[in-house]
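A.B. asks: Listed below, chain by chain, are the residues.
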Amino acid sequence: MIALIDYRPGRLRSLIFKSPYFAIFVSIVCILVPTSAFSKEIHKEKSLYRNIIVKEQSGRRCLVFTLKRGDRNQTCMDLENPRKLVFPYVRMTMGGLLVNSKPDRMLIIGLGGGSIPLTLGELFPNAHIDIVEIDEAVIRVARKYFNFVETSRVQVHVADARVYIKRAGLQQKHYDLIILDAFTGDYIPEHLMTTEFLQETKQLLTREGLLVANTFSTSELYDHESVTYQEVFGDFLNFRMPSTGNRVILASMQPLPSLFALRSKAKRFSAAMDNYGVDIESFPKYMSRKIDWDASKRALTDQYNPANLLQGDSY
Amino acid sequence: MTNSGSEILAKQPLVFSSLVLSLAFTSGFIIMSIELLGGRILAPYFGSSIYVWGSIITIFMLSLAVGYLIGGRLSLSNPNLGRYGSFYATAALALLPLILFGESIMDAVFVRIEDPRYGSLVASSLLFFVPTAILGLIAPYSVRLLVENARESGKIAGGLYFVSTLGSAIGTLATSFYLILWFEVNQILLTMVVVLFICAISAIAANRYLPDFEPGSDT
Chain A
0 MIALIDYRPG RLRSLIFKSP YFAIFVSIVC ILVPTSAFSK EIHKEKSLYR NIIVKEQSGR
60 RCLVFTLKRG DRNQTCMDLE NPRKLVFPYV RMTMGGLLVN SKPDRMLIIG LGGGSIPLTL
120 GELFPNAHID IVEIDEAVIR VARKYFNFVE TSRVQVHVAD ARVYIKRAGL QQKHYDLIIL
180 DAFTGDYIPE HLMTTEFLQE TKQLLTREGL LVANTFSTSE LYDHESVTYQ EVFGDFLNFR
240 MPSTGNRVIL ASMQPLPSLF ALRSKAKRFS AAMDNYGVDI ESFPKYMSRK IDWDASKRAL
300 TDQYNPANLL QGDSY
Chain B
0 MTNSGSEILA KQPLVFSSLV LSLAFTSGFI IMSIELLGGR ILAPYFGSSI YVWGSIITIF
60 MLSLAVGYLI GGRLSLSNPN LGRYGSFYAT AALALLPLIL FGESIMDAVF VRIEDPRYGS
120 LVASSLLFFV PTAILGLIAP YSVRLLVENA RESGKIAGGL YFVSTLGSAI GTLATSFYLI
180 LWFEVNQILL TMVVVLFICA ISAIAANRYL PDFEPGSDT
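Which chain is which? The protein sequence lines are A and B, in order.
Take 0 as the starting number for the first sequence in numbering that gives the first Met the number 0 and just add one per residue.
Take 0 as the starting number for the second sequence in numbering that gives the first Met the number 0 and just add one per residue.
These aren't lab readings, by the way, just hints derived from the structure by calculation.
This structure is a prediction, so every number in the text was calculated from the model and none was measured.
Careful, some of the hints might be misleading.
[What the hints assert, rightly or not] The following label-pair restraints were derived from C-beta to C-beta distances:
id, chain 1, residue 1, chain 2, residue 2, range
1, A, R262, B, A107, 30 to 36 angstroms
2, A, K45, B, I197, 19 to 25 angstroms
3, A, R297, B, Y117, 51 to 57 angstroms
4, A, V157, B, A64, 31 to 37 angstroms
5, A, R142, B, G53, 49 to 55 angstroms
6, A, E149, B, A64, 21 to 27 angstroms
7, A, I41, B, G153, 43 to 49 angstroms
8, A, E149, B, G53, 49 to 55 angstroms
9, B, I56, A, P81, 52 to 58 angstroms
10, B, G157, A, R59, 31 to 37 angstroms
11, A, S218, B, G81, 29 to 35 angstroms
12, A, H173, B, E102, 37 to 43 angstroms
13, B, G81, A, E44, 56 to 62 angstroms
Here a beta-carbon is modelled for each residue, glycine too, at the ideal position from N, C-alpha and C.
Construct the entire structure; sequences and hints are all you get.
C.D. replies: Encoded structure:
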């Protein structure tokens, strides 16, 4: 303000350069410029739900959703080997195949860069895959930059997952494998976390059906979410690997397989999964059925659901 | 005139206007709290996309508009606290279907309308239009109760908007920051029903027991 009123050049210059804000500004520029110089932004758009950026960085092409707390990579593709699953949680999702290894009909909630449907489509060329993605822009970006293709067997539906699942229930659709991958990490679609939602999802599962949910492992939400899944599905496999912030819930309509069964299936899939950079044989020992959460916490329901407020506690 | 008598007369407008202002504050609080909970209520059926919020806000604006219009008309003949209180009681009753039959209403809409945009629009009009329109009666009627002469009417209306919009702001904040963390949606709605009934009773009681108080005549 002072500089605006007193506009003699010398005075202005000394005001700017001597100001502590200038020093702060310079240091911020020094921190920001070199890091962003490594990555190349190849696409940017504002969709109805978020900012979408496609970046290339050290041999990887990544889909980034900009969020208030800094960028988060949603999905990445290795440019030299596009089949390789770059993110641990995407690889962990494949652990579902150790519980249900012959899915004919699959439902995937959340497209991202499309690496999960691409992989499953290759592994099971005769299977039918429905994908539900709320954001049309994400679908366009996945097609254009991440090799995602729709076929007669792999179909994308633009819809809110809760609405799609409720409607699929009315239409008596059934799936052998449902993958819930709708959580981008920052804002949580709360209506996809409740007992009512999980019950509607459970109704879509066949007798052999399996729900694989990529969920939260930090904050108070971990307890509430675990209690909610437990209430609807009973015991489930809690799949957490050291060194990742993710946990994947494997909730089955069948009794849970033994460690021995998991290991022998992992052996069978080992070679196929190698192509995707997934060390599936290391998975079974991290699939636990132990209750390591506070079971006294309240289940989340459509009536009671402060998921976003609970998630905030971890920061 | 005795001392005590004049004191009552001097205090009476103050009691009267603080009663009307606090009731207007409460209705502002409740309107926005219901609107925020509306997003929660519709999400399981229609998602939480921007169009669901669009439906909710559209219906709230429309119903308030209708409420303001009718409330203004109703204030023309014999404005009194008793009728003012009956608005609160009616609003409380009008909230009950939302609590009791909300899910079956949304089920019916969900089955009949595939497009979640129109589904959420129809569902929010069925669930929220009537109670919100009734709460909309309160604002213009409060102005009529407090205005004593034309010169001060703008000031009084401004003060009322201030108080009821402040109520709305606090209702929004309280609901989204705390109430949903502590209570279930229906518990919050039921509490509102109770609070609205308390408002109704206090207005009706004041109408009976406050010494006759005439709102300003037409000047």
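A.B. asks: Next step is simple, just say for each hint if it's right about the structure.
C.D. replies: Now the hints, each set against the structure:
1. A/R262 / B/A107: 30 to 36 angstroms: 50 angstroms, violated
2. A/K45 / B/I197: 19 to 25 angstroms: 47 angstroms, violated
3. A/R297 / B/Y117: 51 to 57 angstroms: Roughly 35 angstroms apart at Cβ, these two residues miss the hinted range, so it is violated.
4. A/V157 / B/A64: 31 to 37 angstroms: The hint (31 to 37 angstroms, Cβ to Cβ) holds, given that A/V157 and B/A64 are roughly 33 angstroms apart.
5. A/R142 / B/G53: 49 to 55 angstroms: 28 angstroms, violated
6. A/E149 / B/A64: 21 to 27 angstroms: 45 angstroms, violated
7. A/I41 / B/G153: 43 to 49 angstroms: The hint (43 to 49 angstroms, Cβ to Cβ) is violated, given that A/I41 and B/G153 are roughly 58 angstroms apart.
8. A/E149 / B/G53: 49 to 55 angstroms: About 29 angstroms separates the Cβ atoms of A/E149 and B/G53, which means 49 to 55 angstroms is violated.
9. B/I56 / A/P81: 52 to 58 angstroms: Given range 52 to 58 angstroms: violated, Cβ gap about 43 angstroms.
10. B/G157 / A/R59: 31 to 37 angstroms: 59 angstroms, violated
11. A/S218 / B/G81: 29 to 35 angstroms: Violated, since A/S218 and B/G81 (Cβ atoms, about 52 angstroms apart) do not stay within the stated range.
12. A/H173 / B/E102: 37 to 43 angstroms: 24 angstroms, violated
13. B/G81 / A/E44: 56 to 62 angstroms: 58 angstroms, holds
Of the numbered hints listed earlier, those contradicted by the structure are 1, 2, 3, 5, 6, 7, 8, 9, 10, 11, 12.
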